[in-house]
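Student: Produce the complete structure using the sequences and hints provided.
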Amino acid sequence: MIHMTINNQKVAVEDGSTILEAARKLKIRIPTLCHLDLHDIRMVNRGASCRVCVVEVEGRRNLAPSCSTPVMEGMVVTTNSLRCIQARRTIIELFLSNHPKDCLVCEKSLGCELQALAAEYHIRSIRYQGERATHPIDVSSRAIIRNMDKCIMCRRCETMCNEVQTVHVLSAINRGFDTYIAASMNMPMNESTCVFCGQCVAVCPTAALTEVSHIDNVWNALNDKNKIVVVQTAPAVRVALGEEFGEEPGTIVTGKMVAALRRLGFDKVFDTDFAADLTIMEEATEFIHRLKHGGKLPILTSCCPGWVKFFEHQFNDMLDIPSTSKSPHEMFGAIAKSYYAEKMGIPPQNICVVSVMPCLAKKYEAARPELSQDGLQNVDEVITTRELARMLKEANIDLMQLEDEDYDDPLGESTGASVIFGTTGGVIEAALRTAYEWLTNETLKKVEFHDLRGFDGIKEAVIKINDMDVKIAVAHGLGNARTLLENIREGKADYHGIEIMACPGGCIGGGGQPYHHGDINVIKKRMEGIYKEDKDKKLRKSHENPYIKKLYEEYLGEPYGERAHELLHTHYVKRKKM
Amino acid sequence: MAGKKIHGGYLELQDYIDSIKDKRGALIAVLHKAQHIFGYLSDEVILFISEKLDLPSSKIYGVISFYSYFTTKPRGENVVNVCLGTACFVRGADAIMKEFERELKIHTGETTEDGKYTLSGLRCIGACGLAPVVMINDKVYGRVEVDQVKKIIDENKSEIITNMEEINE
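From first to last, the protein sequence lines stand for chains A and B.
Residue 65 in the numbering used here sits at position 65 of the first sequence, with consecutive numbering throughout.
Residue 129 in the numbering used here sits at position 129 of the second sequence, with consecutive numbering throughout.
The hints are simulated quantities; they were obtained by calculation from the structure and are not laboratory data.
Some hints could be false.
As the list claims (entries may be wrong) - Covered, in the sense of this in silico footprint (three residues per stretch, anywhere, with C-beta under 8 Å from a C-beta of chain B), are these stretches of chain A:
1) 160-170
2) 179-191
3) 546-553
Ideal Cβ placement from N, Cα and C applies to all residues, glycine included.
Tutor: Right under this line is the structure:
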């Protein structure tokens, strides 16, 4: 242990710790900007480039960046001397001198870490007027907008994209004042190998990286008298939306969210969870089909559009192993514009399907040409959890004041199995609950598969089904997915089924969720919320959902059958690796 | 000539990469070789290197754009590099650069219409004792003065012609 003093308080910390870590142990706050420590997903951005965290170290001439200066025995540190404060003010002013300062109309207003810091340090004028970097705004993609004029070169996005996700799209180019973060070889985002997971957006401190908003489109649809606007909500939204209204992360607001969506004017409020149950019917059947008929194994889940685009680029020699099942919200769209449209006697072109998703890649996915039927996209608009909160605020709907309401029938009923789609491990657990019963013709007594839960990057379990040891693996975060897939390609792994979600934690940690601002516990609490919602459900296995049974009886026929294939399955595109 | 050279160029680059035992940390050397072969680093060349070294193209592009020596645009037959490092700069490199711009009728970073000259600046070639320094292709000119610029250009013009004649023979 190293003994040191910070602001006259003594502390002992482990060798190798930084001054910042030591200060946090004493609950002394040192402001940071570029620094981001998401220890649990092995992301630590310690660029020490912003210098906002400088402190005075006795015996040293210059101020030291606390985020990257290791502690030493007997060190004496001051974090809040006038010299520190003045240096920080100067640094913030220098940042602002090369910043658009259009905070009033900025996408990240009130959610921006630079703005918060300027407020905290009471910056009221900027002494420096110099050259400003200007770059064209990249609006080429369906999901992410890049405005490098607002970038502060913290490199968090670069660390996330390269070290955690291993997508390798974002990289700094040029040098000195001309440096900026570019996508693959300075390409527009839509031509790059970006998978639109949105984790760069999730960690960006400013509005340099933001989502493409569909709010206006949704308002217009809601006010179009010729449209029947149906909305569906992803599992992970219900445990995060409350945060935007001051609730603790993980607070379950399902009923209030349904009520709020009705207040916004949606004609029907349905649930992506219903479609998640449907996905299990298809995916579990496909899995059993492959097991029984010597099909290609392992089967990979295909719910996550970021993951889908990732394997299309990075593992384009293995396009035959992912399940062909569409993702739940796309299945929902397909069913809404066929079964539901017929049932209600509405022409499908008059139905507008809006998805509320924790995800930015869903925006890109909704525009994929093959996810359509008779020239109509399965899903018309995708808004994120953050965008829904913004719409509710625009409409002066105070979420937490509303009484709980239920989803509409018939596409609103769901089981606990579908809720857990929102977290890493949940999809494969849901599939196992069904596959087990179908393969054994017995009732699964213990529906919880604890080995598949939790925050480990790669989780494994062996499940005994009849006489067979079914080997399962789960990865979240694309870097972990890459490790698993490389093992499979090299023949080092012999799993039967694998679940992959692009975002750390799964959808609960998605790029469209309320900003966690570097606190990974936010995501862990959402995970607890998800499992609680599952536990409280009366039905916990997808195949027990009565409305799903009815859908097959009335319309689809057999799971994995001809009609199901036409509506609920898709194919993949071989894309370039760069 | 250029077409033929590019075709064989990839084989030469491949041989070079194969000859490197430890490919980690080899990127800069490979980029030097590639630029020597092709004259510039096209997207195609970057993707080739990306595949052979198993490095993301975004990272390679980041490295290329960081060093002024590397270029992603085709260059003229002669590359004029005026050193703008500190030592050269204080001894009047900016005036030398301006004179080249005036004589060649192009700006820094551009190539003459006839494809003969590319003009660019670089940061220190480690010959500060000779400041200000100008490099034309691999040839170094030291203690350059403004009124020598035209002569330096002409000198290289004749050299190219000589080389071309040799090739034609």
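Student: Hint by hint, note whether the structure agrees.
Tutor: Okay, the hints, checked on the actual structure:
1. Residues of the region 160-170 of chain A with a Cβ under 8 Å from some Cβ of chain B number 4, which satisfies the need for three, so the listed coverage holds.
2. Look at the region 179-191 of chain A against chain B: 5 of its residues bring a Cβ nearer than 8 Å to a Cβ of that chain, three or more, so the hint holds.
3. Under a criterion of three residues with beta carbons nearer than 8 Å to beta carbons of chain B, the stated coverage of the region 546-553 of chain A fails, only 0 such residues being counted.
Consistency note: the structure conflicts with earlier hint 3 alone.
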